[in-house]
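Student: Sequence:
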Amino acid sequence: MAQREERERTTGRRPGGRPPSPPTPGPHDGDQYNFPDPESRIMKSSTHAGFEQDYNAQVAVDQARLLIVGWALSNHPNESQEAEPTLAAIPSAIGTPEAAALDAGYFGPATLAACAKRGIEPYIATGRDPHHASWQQRFAPLPDPPPEDASSQVKMAYKLKTALGKAIYGARKYTVEPVIGIIKEVLGFRQFSLRGIQAEAFEWCLVCLAFNLKRFHTLS
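For the sequence shown, the numbering used here puts the final residue at 220, and the numbers step up evenly by one.
Simulated from the structure, these hints should not be mistaken for laboratory data.
Mixed in with the good hints, there may be bad ones.
Claimed, not checked - DEER-style ranges, computed between Cβ atoms:
#1 Ala-88 - Ala-163: 26 to 32 Å
#2 Pro-146 - Ala-49: 20 to 26 Å
#3 Gly-181 - Ala-88: 21 to 27 Å
#4 Lys-44 - Glu-6: 22 to 28 Å
#5 Leu-187 - Ala-163: 33 to 39 Å
#6 Ala-88 - Gly-188: 26 to 32 Å
#7 Gln-32 - Pro-91: 36 to 42 Å
#8 Lys-166 - Pro-109: 23 to 29 Å
To be verified - Derived pair list, reagent style DSBU-like, types lysine-lysine, alpha-carbon separation capped at 35 Å:
#9 Lys-184 - Lys-214
#10 Lys-173 - Lys-44
#11 Lys-173 - Lys-159
#12 Lys-173 - Lys-184
We put the CB at the ideal spot given by N, CA and C, even for glycine.
Assemble the whole structure, with the sequences as input and the hints as a guide.
Tutor: As structure tokens, this is what we get:
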């Protein structure tokens, strides 16, 4: 509701669709339960249009070496709360990154707060960019900065249009995306073998460790 009110205030237009309804306690007739692994959750698949019983795995990747420097796992169906545990998993001996690039699923107050607490400058997509933008859009001059009272979403969208913002966010596609691709295609890890969130977290830790060992061999 707060996001809808903020959008209406900044755009001057009432958001479409029905307002969200508050959750009601207790089980409902349509609720489902997974007996083999009750801690997993139904999540939308990234490879097809269906839904699967899944966990949400996260990695923080160093841009220079493509090493996994932090990992996390949860049963949350989206990434809006996942920046905090992932950033917290980065060992203090490594240091704190100056900036972080995250996709649109992470954008929200929790992610902005997690980065601000650590002094990390976030560069987070605020939506999907068109795949076939016209040359006028690609070479359009940078607009004036948004006013101070603009929403965090408007300010972030402007930051991503700057030369620095384009460079930092553009690095995401050759930083974390290749790591996920190698884990799936080279290591062949596409599903968990254990059950329960704690066991799955240990398994994901081993997968990240295996990737780093393979990466160290490549770098040596």
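Student: Please name the hints from earlier in the document that this structure breaks, with their numbers sorted from lowest to highest.
Tutor: 2
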